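J.: Protein chains in written order, with our numbering: chain F, 8 to 260; chain P, 36 to 346; chain D, 13 to 271.
Don't read these hints as lab results, they were simulated from the structure.
Among the clues, some could well be false.
[Said to hold, decoys possible] Below, simulated DMTMM-like cross-link-like pairs (lysine to aspartate or glutamate); rule was C-alpha separation at most 25 Å, straight line: (1) D:105 - P:241; (2) D:108 - P:69; (3) F:170 - P:165; (4) D:108 - P:191; (5) P:286 - P:259; (6) F:92 - F:109; (7) D:105 - P:124; (8) D:108 - P:109; (9) F:170 - P:69; (10) D:108 - F:109; (11) F:95 - P:123; (12) P:220 - P:69; (13) P:170 - P:159.
In this text the structure is predicted, and so the values were computed from the model without any measurement.
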Amino acid sequence: MSHPAFGALNYWFVQYRRTWRSSLFSTLIVPTFYLAGIGIGVGGYIDDDYAGVGYLAYLAPGLLAVSAVQTAVGEASWPVYGAIKFNKQYLPMLASPLRVIDIVLGHLGFILFQIVFSVLVFFLTMLLFGVPQSGWAPLAIVAGALTGMAVATPVYAAAANAKSDDTFTVLNRFGVIPMTLFSGVFFPVEQLPALIQPLAWASPLWHGTELARVWTLGMDSALFVPLHVAYLLVWAVVGFYLARTVLTRRLVV
Amino acid sequence: MSPDATMIIARGLTKRFEDRVAVAGIDIDVRAGEIFGFLGPNGAGKSSTMRMIGCVSPPSGGTLRILGMDAHREGPAIRARLGVVPQEDQLDWELTVRENLLVYARYFGISRSVARRRADELLEFVQLADRANEKVDALSGGMRRRLTIARALVNEPRIVLLDEPTTGLDPQARHLVWERLFRLKQRGVTLVLTTHYMDEAEQLCDRLVVMDGGSIVAEGSPRELLERYCTREVVELRFGLDAPLAELADKVTDLAERVEVLPDRLLLYVPDGDTTLPALHDRNLTPTSVLVRRGTLEDVFLHLTGRTLVD
Amino acid sequence: MWVSRIATGSGAVLERNYMVHRRGLIAFLSGFCEPVFFLFSLGMGMGALVGHITLPDGRVVEYAVFVAPAMLAVSAMNGAVAECVFNVYSKLKYMKLYDAVLNTPVTPMGIVLGEIAWALLRGGIYGAAFLALMALMGLTPSAWAFLALPGVVLIGWTFAALSMAGTTFIRSWQDYDVVATLSFLMFMFSATFTPLETYPEWVQLLIQATPLYHGVTLLRGLTTGAVSFGLLIHVAYLIAVAVVSLIVTAYRMGRALQR
Ligand SMILES: Nc1ncnc2c1ncn2[C@@H]1O[C@H](COP(=O)(O)OP(=O)(O)OP(=O)(O)O)[C@@H](O)[C@H]1O
Ligand SMILES: [Mg+2]
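The following block holds chain F by itself, in its conformation from the complex (with noise of 0.2 Å):
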C-alpha cells in the first residue's frame, strides 16, 4: 500500500459501500436477461448445433464482453463526470500529495475491480448454464476484464472532458449501443455489409468476444489470441493516457 494511487483507490472503496447496490442492474441484470430471453429463447428457434456449439453457448461468451463493457461505461462515465462537476470529489484528493495520474490509476483501479466482479458473476452464471467447455474457460474472466479496460479508460477521457451529459447519450447511443449490437457477439461478422465490417474489427468488444469464445468453447485459432490481446491493451493504454491529459487539462488551472 505504498503507491500514493492506493489512496485515491481507497476513497472509492469507502464509497462502494454504500452504492454497490445500483450497479447490480448493469453487472448482472442485464446480461443474465439477455442470455436467458435471447440466448434460450431465441435459441430455441435456431439450429441446435450452430456452430457446432449451439446458440446459447456461441452467445455467452459474448455477452460476457459486453458485461464488462456495460460495467465500464456504466463506472467511467457517470462517476467521473459527475466527481468533476457535481460532487468535486477529486479537489480534495488533489489538493493532497496524489498527483493527477495517480487520481486516474484510483479511480481506474476501482473501475477494474468493478469489471472483474461483473465478469466473474457472469462466468458463475454461465457455468449455471452449462456453456464451459474448455479448461482454459476461467480465461474468459480476463478477456472480460481486457476488454472492460479497453473501453473504460477512452469513456473515461470523454467524461473527463464532457461540458454537459448530452455527450453520454450520444456515446450511448452511437457508440456503446452500436457496438454491442455489432460487434459478433448475436452473430457473425461476416454477415455484415462489407462496408461496415472494419468498422466491427475494430471494436474492442470483437476482439473481447472472440477471446472470450476461444477460451471458453476452444473453437477458433489460437493463432490470433495474442493479437486481440495487445489489441486490447493498445486501446486500455492510449485511453489512460488521454484520460490523463484530459483530467489534467480540467483540474489543473
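Fit chains P and D with the ligands to the given chain F structure using the hints.
T.: Frame of chain F; chains P and D with the ligands shown alone:
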C-alpha cells in the same frame, strides 16, 4: 379595489409538518401599496408563511384571504396576480437568461409577443440586458437574484413576495436590489418580504412583524418598534477574555434603562450614550472597547426573545 | 375554466421542453437510431440465423417482420420512460424546476399533462420515422400498418402515464435501477423476441399482465395484417392502465409538489 384595501388577511394561520409546528397561528394584514416585512431568525417560519401566501403550500389551519380570494380554493387565480421570489432561486438551468423570462411568462398564459417585450424591459430594469443570451450558470449569485426578481415581475403582479431577496449579496448588489424594490413600490405594487437583516427591514419596510418560533412576537413600523422596545442609543462594552460579565453587569444596572449580557459583551440601553461614558469611568470599569451606537431592530429582537438575530 | 388553465399550463411546459431540445438536436435525433440499430442487429443479423417464424395466425414470416413491430413498441415504451421517469424526476428533485412553475397559475396536473404531451410528441416523431423505415424495408406486409402510428402514440401515452405515477413513488435516484430493471425485463420477455407460446404457462400469465405485451401484440397484429376485433382487447388494456395511472398521478403529484 380602493388604494388602502387590505391585500392579505390571515387569521390564526398555521402550518404543521408532521408534529413540527412551523407557523403557530398568526394574524396579519397587509395593506395595498406598502412594503410589509417578516423579520426573524432561521427556522422562525418566514418561508413557510410566504409559501402559504404564495398558494403553493396548503395551510394546516386558520384562514387566509389574498386579493379578496380564498387561498385554498382559488390558488391559481391568486397566483396569476402574484410575483414570487423564492428563498432559493429555482431558475431553469437548461435555459438562457432571457428564455427564463419568456418561458415563465408563458406559464401565465401571456402571449409570445407581450412576453418578448416584457422580458426585454425587465432585463433592463434589473440591469441584465447584456447577459440576456447566457446560460443561468454563467451568472453570479447577485445576478441570479436579480433575474429571479425580474421573473417575478413578468406577469405585472399586484403583490410581490420576496423571501430573503438579498441574502448572500454583497453590499453594492443589495443596494441595487433595494433601489429597484423602492421603484416597484412607487408604481403601487405591494411588497411582502422576509429578511434576517435588521438594516434591510429598517430601510425597506413600512410595517413589519417580528417572528420567532412560528409566532409573531411584535408588530409595527420600524420606528414604532424601536420606540416601544428600545432606547435611542446603545453602549456596547467589551472586556478581556473570561471577564465575569454577569458581575460587571450588576455594577452598571443603575446607569441604563436595561442591560443585556451577551456571550462576549454587555449592552447598555440608554437615552444618551455620551453621558453614560463618564459615569463608567468613575466606577473604575476598564472595558477593552466601548462603542456607542443607535438602537436597532436587532436590539428589539434581543429584547423580545432574549436571543440575537444573527449569530 | 380549469380546462383552459390546464391547457395553458401544459402548453407552456411543452414549449419549455421544445426550447431546451432545440439546442440538443443531435441528442434528439439520436433517439431515433436506437431502435433502428436493434432492428438491424437482432432483427436482421440474428434473424438470419433464426430464418422464419410462425405467426399466431399460422402464417410463416421472416424473423425481422416478427421483431420489427416489437422494436417499435419498445422504443415507444423506452422514450416515455426516459422522459417521464428520469427527466421528470430530475426536474422535480434536482433542478427544482416545478417549484418555480407552481408559483404561477399552472397546476400540478397541468405540469403532468404537459410532460406527457411532450413525451408523446417526441415518441410520435420517432415512431413515424421508424414505421416509415419498416415500410421501406418491406417489413410491413399489411396496409393496416398505418394504424400502427396511433398505436405507438397509445403505447407512449400508457407508459408516460404509468411512468408519471411511478415517479411519484421514487425516493432517490437509486430507485432508477428498479425502473430500468422492470423496463428491461419487459423489453426482453414481452413476446418481443419470441412468440408468447415459447414460455411455460405460468410465465405466459405474467407476460400477459405487462402493458408492453399488449403494445407489442397490437402493433404486430397491425403491421402483419392479422387484424381482428381481438386487437381491441389490447387497446382497452392499454387505455385502462393509462387511466388508472393518471388517477394515481393526479392524486399523488399534487402532494409531492405542494407541501
Ligand atoms: N418541507 C418541510 N418539511 C418539514 N419541515 C419543514 C419543511 N419546511 C420547513 N420546515 C420546518 O419548519 C420550520 C420553519 O421553517 P421555515 O423555512 O419557514 O423557516 P424560515 O424562517 O424561513 O428560516 P430561514 O431563515 O432559515 O429561511 C423549521 O423548523 C423547518 O425545519
Ligand atoms: Mg426561509
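J.: Residue 108 of chain D and residue 109 of chain F: Cα distance at most 25 Å?
T.: violated (36 Å)
J.: Given the hinted pair residue 108 of chain D and residue 191 of chain P, is their alpha-carbon gap at most 25 Å?
T.: Holds, because 24 Å separates the two Cα atoms, which is no more than 25 Å.
J.: Is the straight-line distance between the alpha-carbon of residue 108 of chain D and that of residue 69 of chain P 25 Å or less?
T.: With a Cα-Cα distance of about 31 Å, the restraint between residue 108 of chain D and residue 69 of chain P is violated, given a limit of 25 Å.
J.: Measure nothing beyond the straight line between the CA atoms of residue 95 of chain F and residue 123 of chain P; if it is 25 Å or shorter, mark the hint as holding.
T.: Roughly 22 Å between the alpha carbons, so the hint for residue 95 of chain F and residue 123 of chain P holds.
J.: Please verify whether residue 170 of chain F and residue 165 of chain P have alpha carbons no more than 25 Å apart.
T.: holds (24 Å)
J.: Do the alpha carbons of residue 220 of chain P and residue 69 of chain P lie within 25 Å of each other, as the hint requires?
T.: Holds, at roughly 7 Å.
J.: For the pair we were handed, residue 170 of chain F and residue 69 of chain P, check the Cα-Cα distance against 25 Å.
T.: Distance ~46 Å between residue 170 of chain F and residue 69 of chain P Cα, so the pair is violated.
J.: Hinted pair, alpha-carbon criterion (25 Å max): residue 105 of chain D, residue 241 of chain P. Please report holds or violated.
T.: Cα-Cα ~37 Å, so violated.
J.: Does the structure keep residue 170 of chain P and residue 159 of chain P at a Cα separation of 25 Å or less?
T.: The given pair, whose Cα atoms are some 17 Å apart, holds under the 25 Å limit.
J.: Can you confirm whether the C-alpha distance between residue 108 of chain D and residue 109 of chain P stays at or below 25 Å?
T.: holds (24 Å)
J.: Can you confirm whether the C-alpha distance between residue 105 of chain D and residue 124 of chain P stays at or below 25 Å?
T.: Roughly 14 Å separates the two Cα atoms, so the pair holds.
J.: Are the Cα atoms of residue 92 of chain F and residue 109 of chain F separated by 25 Å or less?
T.: Roughly 19 Å between the alpha carbons, so the hint for residue 92 of chain F and residue 109 of chain F holds.
In this structure, the earlier hints numbered 1, 2, 5, 9 and 10 are contradicted, and the remaining ones agree with it.
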